[in-house]
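Trainee: So the chains spell out like this:
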Amino acid sequence: MAQDTKHWFNQGETLWDYRRKASKWHFDPDIPNEPTEMLKLNFVQFKGDWKSELAQTKFTERPPMDLAEPLQRLGIQEHINLGVDTRIEGLRSTVDPTIHKKINKIVEAFQFDDPYAQIILQKPGEMFTLHIDVVACDPRSMEAANKDETNMRVFVALEDWCWGQYLMMGNHHWTNWKAGDALWFRWQDMPHASANCGHKTRPMLKITGKVTPQFKKLLEQNNVIVDV
Amino acid sequence: MAKDIKHGVHTDVKLPLFDFAKTQKLYHFDIDKKDDDDIIFKPKFKCNWAHELDNFKPRPTDFNLEREYTRMQVEEWLNLRYDVSKFLQKMAPDDTVPTLQRLEASIPMDKNETLQVQITEQKPGQYVPYHMDIMASTGIETKKVIEKGYRVIVFLTDWLPGEFMIWGTTVIQKWKAGYILAWPALKYPHSTANASHHTGYRMRWSGLVTDEFHKWLNSDEIMEV
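Respectively, the protein sequence lines represent chains A and B. Per my numbering, the first sequence starts with residue 324, numbered consecutively. Per my numbering, the second sequence starts with residue 607, numbered consecutively.
The following block holds chain A by itself, in its conformation from the complex (with noise of 0.2 Å):
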């Protein structure tokens, strides 16, 4: 057992902090897995060919930086602390029906309410630290945030893997993932980080949505193949 107590910021007030406190991950670096309440990976796969949809998206938002939204302040507060330039996470593009209608049609496979979706386009050099997710597109209180139990969210590989990409959820390295592949896992509860070292961009779906029963259905399942 090494869980790790020190791990902290020392400095200013960070999403960090906050969230750290509210999450119910170990805190563990030596444990090898994650269990499949906190993680699951391809319990549904999705089988299509999207490449025109994404040669055509326009990469132009930005993660949201309103330094005036105390959520959204707290989490660039962390770059600032670790020293790492806030537009590190590069750049983005909302999942457009009319452009991406095979792409939405894996959005609508989840079957949340209300999703929102953005294919995070992560170019050789961008990354994302270690960070707690907060559902920060609404303004609210962190108190609310840390009681969300109604928000869901899973990313969709859109490319296969290609060395040098990382992304890490928790203890759990997902490496070697297929264009299709799909990944849910608890947002509020567990760390996790991703980076491109690589010599190629990595596109990943990001789809945030309200729970559902037909959602905790599929969630149940292993390899449900969807073909869009």
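Just so you know, these hints were derived from the structure itself, not from any lab. Hints are supplied without guarantee of correctness; some may be wrong.
[To be verified] Taking lysine-lysine pairs in the DSBU-like style, the calculated list, with each CA pair at most 35 Å apart, reads: (1) Lys663/B <-> Lys374/A; (2) Lys640/B <-> Lys663/B; (3) Lys780/B <-> Lys446/A; (4) Lys446/A <-> Lys501/A; (5) Lys754/B <-> Lys529/A; (6) Lys533/A <-> Lys347/A; (7) Lys754/B <-> Lys692/B; (8) Lys501/A <-> Lys381/A; (9) Lys470/A <-> Lys374/A; (10) Lys663/B <-> Lys446/A; (11) Lys782/B <-> Lys446/A; (12) Lys470/A <-> Lys663/B; (13) Lys692/B <-> Lys363/A; (14) Lys347/A <-> Lys428/A; (15) Lys381/A <-> Lys754/B.
[What the hints assert, rightly or not] Residues from chain B that keep clear of chain A, each with C-beta distances beyond 12 Å, as calculated: (16) Asp638; (17) Leu659; (18) Phe669; (19) Ser712; (20) Thr805; (21) Ile828.
The beta-carbon is built from N, C-alpha and C at its ideal position, and this holds for glycine as well.
Mind docking chain B on chain A? Use the hints.
Mentor: Showing chain B alone in chain A's frame:
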């Protein structure tokens, strides 16, 4: 099988170093295939050097662009839009870090050739792009590097989530201070990134190997420094 036949570097460089290294055919480049057993990752040293890390005097990687292979590597990375200011910071062990100086002398690589030893510091947000080691900065002849070049890393700090390393298809993680990672230099493509919240320190040897080195490497004895 998912043999990667396309993964060259598409840059403006006539021959990126990565593509040159691929022509040596030392690695399979199959993302679904396990690596050979010559990536050695295990505990090897025991000592407390944590207090000496405060004496780390960082300097940027000293790319000497007069060297052909260094030039090929740097041009490749620049064409991929990498920011060289985010690479590792380094220092050679000196008398401000006496324990690490003793550690420096503990790995029996070929002393008749150049042996380069550096302490490296990787802060959050820093990375080393995916590449293969030709060890150009050592000045060792390329043919010798291909045949007998080795690199050894000793981890000086424990792993924390967000510290990323993949050598070939082998994920390297959960190390403790005193673990080593050793590999035939040019064989394995690799990269690292630090997306954690702490600074990672390592010490790195670049040189040629001897029978004595392999005997040392294969031994599971833990050395006290």
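Trainee: Next, verify each hint and record whether it holds.
Mentor: Taking the hints in turn, this is what the structure says about them:
no. : hint                  : result
1   : Lys663/B <-> Lys374/A : 47 Å, violated
2   : Lys640/B <-> Lys663/B : 38 Å, violated
3   : Lys780/B <-> Lys446/A : 26 Å, holds
4   : Lys446/A <-> Lys501/A : 18 Å, holds
5   : Lys754/B <-> Lys529/A : 45 Å, violated
6   : Lys533/A <-> Lys347/A : 21 Å, holds
7   : Lys754/B <-> Lys692/B : 30 Å, holds
8   : Lys501/A <-> Lys381/A : 23 Å, holds
9   : Lys470/A <-> Lys374/A : 38 Å, violated
10  : Lys663/B <-> Lys446/A : 31 Å, holds
11  : Lys782/B <-> Lys446/A : 30 Å, holds
12  : Lys470/A <-> Lys663/B : 45 Å, violated
13  : Lys692/B <-> Lys363/A : 33 Å, holds
14  : Lys347/A <-> Lys428/A : 33 Å, holds
15  : Lys381/A <-> Lys754/B : 47 Å, violated
16  : Asp638                : 7 Å, violated
17  : Leu659                : 16 Å, holds
18  : Phe669                : 17 Å, holds
19  : Ser712                : 26 Å, holds
20  : Thr805                : 10 Å, violated
21  : Ile828                : 18 Å, holds
In terms of the numbered hints stated before, the structure departs from hints 1, 2, 5, 9, 12, 15, 16, 20, listed from lowest to highest.
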